[in-house]
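Peer 1: These are the residues of each chain, in order.
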Amino acid sequence: MEILVCVKQVPETKNVEVDENGNLIRDGVDSIMNPYDMYALETALRLKAEHGGTVTAITMGPPQAKEVIREAYMMGADKGFILSDIKFAGADVLATSYTLSKGLEVIGLKNGYDLIICGMESTDGDTAQVGPAIAETLKIPHVAYVSSIKGSTEEKIMVEKDMGETIEVVEFSYPGLITVTKHVNQPRLPSYRLKLETADREIETLTFADLLDDDKNNFGLKGSPTQVEEVFPPDDNIEQVIWDGSGEELSDKLFNELKELKLV
Amino acid sequence: MSNYSIDYVNCSLCKVCIEACPFDAIDIVDGKIEMNSACKACGICVKSCPEGLIQPVEDKRKTVDKSLYSDVLVFAEQLEGKIHPVTYELMGKGRELADKINQELHVILLGHDLTDQTEEILAHGADKVYVYNQEPLHHFDVEAYARAFEDCVERTKPTIILIGATSIGRSLAPRISTRFKTGLTADCTILDVRENTDLVQTRPAFGGNIMARILTTRTRPQMATVRYKVMEPADRIENPTGEVINFSVDEKELETRSNFVSITKKPEVESIEEADKIIAVGRGVREEKDLEMIKELADLIGAKIGTTRPLIEKGWTEHQQQIGLSGRSVRPELLITLGVSGSVQFVAGMKSSEHIFAVNTDPEASIFNVAHYGMVGDLYEIVPKLIEKIKNGEQVFEKTAAAV
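As you go down the protein sequences, you meet chains A and B in turn.
Under the numbering used here, the first residue of the first sequence carries the number 1, and numbering increases by one thereafter.
Under the numbering used here, the first residue of the second sequence carries the number 1, and numbering increases by one thereafter.
Since the hints were derived computationally from the structure, they do not count as laboratory data.
Note that the coordinates shown come from a computational prediction; the quantities given were computed from them, not determined experimentally.
We put the beta carbon where it would ideally sit given N, CA and C, even for glycine.
Be aware that a few hints might be false.
Unchecked claim - Under the rule of at most 25 Å between Cα atoms (straight-line distance), these lysine-lysine pairs were calculated in the DSS-like manner: (1) Lys216(A) <-> Lys181(B); (2) Lys139(A) <-> Lys222(A); (3) Lys266(B) <-> Lys304(B); (4) Lys262(A) <-> Lys304(B); (5) Lys253(A) <-> Lys391(B).
To be verified - Chain B is faced by these chain A residues, among others (derived, beta-carbon under 8 Å): (6) Gly61; (7) Ser84; (8) Asp85; (9) Ala133; (10) Met163; (11) Ser173; (12) Glu230; (13) Glu257; (14) Leu263.
So here's chain B without its partners, still in its complex pose (with noise of 0.2 Å):
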């Protein structure tokens, strides 16, 4: 049983379809379009058949009564006790989805010895904060946490939730949808919504330079995850009229087989989310020895050095450098990258950066699809050129300030 159905009849076999799909989903067996155990349900061989032959199968799923679920759910991520920046990102896609729909910006904060946190939250322009301040909490356990989000959902049915794609975030958002059997969509990069309140979320898709816009429309609540510095903070407003409500669960419920043992800062490394300049590097750059030249640029214009993935892969760079899908997403001032040539993975992490120049080699690169200032040329006679000029700047510079 395919997940299409196939006008037979007029099916001339011309296989664009087969050309078409980018799984190998489709075969002919026994003179016959068939659809095999590789489809992923992504429609291109609709659109692709010249006839129009192939159509979806008919959904005869059953959908929840929408009315019953209402309001923006933003998960506010803490440890301890401070708030991760990526909730007030959240708050502001939030309450713009809210705002379209006339619904409420709710949020829920999980955790224990809470004290002011709700008072940023609510100053951020939520409406209402649910807390559940419990010592079971105290730790990130995901079975205690996903418990107290079950009975926030439970109580306040919000039609759409929203949480950081952060390590607690990717690990706490799966065990909700698995338990309300709902849909999530991973690192949106775009979030709508449509009147009927079903949220329209974009995202990079299926490892290809594609998007692909993905609805949950049988199933409440709908949940997302984007990025840290994905979207817009929400702004901080005048006199928050929001209200701070306490929930709890019983602590019997909050009892899991896990035990937290302890928990460490790591040492302090290059933070590339929070750089205001990065100089990211990929596949261009020849050997380890070069990115010497490159980190003597990078000090000189106090900026912090990104990486793409096959640089990691090769372990000349460490993973909190890498930018991209699988790393850190960034929005700095300045980005310049350098023999990087813009893979759709390493684009949906840097694309909203501010001004983006890129050197590349190859005038084909997808990186200059996406830069501000393009440079076809050489890194390996750029950067020392510039390097030089900075130096020289800088001296014209120091001299000027010298002489008087």
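So that you can see chain A by itself, here it is in the shape it has in the complex (with noise of 0.2 Å):
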């Protein structure tokens, strides 16, 4: 079974301070890979032991993006690659999932592929658009928010997906895509062993000239239809008080306050 994962860096911390220009301080914050992106790549390399094959991890980013592919490969991926180029900058959503997809085909055109799997959302971005952007971008199915894996043969997988009050189970036949919650299963930890073992294999870099495209208008900034007009910080311009003292005094406030707007 050849199964493509796709994996993102992204920063280790959600509490990422401004300044007083609205600037981002980024200093000390590290890269990981996103977490529900681990979730993908377990699921990934469970089908894997149940039916043999292939499990290859992709990412897309800046050169030093390719770390995430060193973790996948701690994990126990077999294969990995990097999109990577000036020109992918600047994607948003469609143009982001258009260059994973080109990237898809090109690795998928030496082995084919049965099953891509993605991670719910990022953890920075939180948009959880990727995943189906990519299956309607290379016309195979996909089912989003898979909470678990009920079963799977050398054709087809059935899944159960998370809709929020209930829980619907489909299956589809492959080439297909799921994005997997974190109920799906608990992944594995990275294991030094792999980590030494893997220390020297190779990640494949892909620019815009390995992609089977040369309009550079779908990509980066270019391939596009949204842009950020502005960036600016949020408006927090409310009427508050703020209260000190005891504990005792805090909480006699708290009830009063309470009592006053009949909320106990």
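Work from the hints to combine the two standalone chains into their complex.
Peer 2: In structure tokens:
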């Protein structure tokens, strides 16, 4: 079974601070694999254990994002690719998913693929849109928010999807794409043994020139229908009171105010 | 080829832009400022340059004829025939946007065995409801839904499409936007429209404490998703005048490689989205067992417990309880946060709450920027005393009641 897993490097913390000019302060923030992608990778590794085949990790980003493929190797991925080119910079959902799709297409040309697995979203973007958009670009079925793999064969897979209030079970034949939630499994820890074993393993870089589309207007900022007009600090102008004091005083004020507002 | 042009002749290599860039996307290469592939085209460098030497590269792409597209189309999400309430919230915002550009509010409803759902939609002020009442649309099969939606867009050419950021909406919206090669902005917290019909989409961005204003200036339709409980629902109107229009797609075109197997209702979980009162707990809670004290307070005042991501990652609380951009949005009458620092992600999911009380030991915590009542103090001191006071208050009340 040929499984492709999309992974992304994200800042370790979500609580990125902002200075007085509204600029992000990034010093001291480490980069890690998007936590949801570890569940995607684990899903792939378990399917491989059952059916054999290859697990290939792919990412897109600046050259240093290769590190996330190293992490994938430490978990057990067999092969890794990074899509990296200045022409890809500034991509929104459409251009990002298009670029990833073109990369997946190039990788798939060699051995084909059965299943593409993504984390349900990234912790730095929170949009959950790239997975389904890749499926649309590649014209394959997708199931988002997969919370359990109910069964799989060489031809098809049955999954449970989390719809909020309900759980639905659906199946589809390959090739297809799923995005997984944190309920799908418990990812294994990166292994030190694999770290040593894969230290020299190649990570192939795919640039614009390697993709089967030579129209640069489909990539990066040029290929992005949305554009950021401005970034600005959030508007915090609300009427506020701040109370200081001992626990006794504060609980008193809180209780009285809640009573005043008829909330207790 | 970078997204910005730089006036190298006058550039003094002061490095202000390098410091300002949140993504480490600017380097000095061969004595020149150069953007690398980490650039997200956020424009922060443009503003940062003291000499104004960084400019966006002129955009030479074609723009569609915007006059060919009109009206706001809202996706009416239904599950087993029940309309998701986010639909009426999208209609509230959709009505406001449509009025501003003198256009209509339309709604698309996909499903099977649909009966009187359209009445409720019309009663909330839709000018037109487009209904696809077809067997293959009975369950949410994203490809079949996308095909019917595509058909509706081709027939009606809306300028704006609003979809709920629910499991269904987040799965469906990217398929449509990608099909039409147009823009999709997720989880907008503010929506406005300009005279030229450009939708002004504001959302927290780049995983930081920052808002981005995003436009789709060249393509149509413009698509945005909005979370449940972020916008005000549309008012019911007295005499609905909207009309229902039935469309259908050749059922062969709705066939997909996916098969529905079963649907089950999840076991009843505490739905924080519907709660009138919520107590939100964060990292200020030191041990899992301390949640019992919080639970006691919650039960006393009839509140549900919400939580931040770190507590879920520790396994202390359930996913359904998470408030924030990657959890649920809530808008209760009362929200008390205990030991929550107030990351932009969390705040995005709760800032429209009516009365926000925040307890945190750190006076600098950003939760105090959104709280109406900020208490700089220790939840371990405040909560037990508050519990005591509420209990005493109740006793007083019961005694009085008994005396009468």
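Peer 1: Please flag the earlier hints that this structure goes against, numbers listed from lowest up.
Peer 2: Result: no hint breaks.
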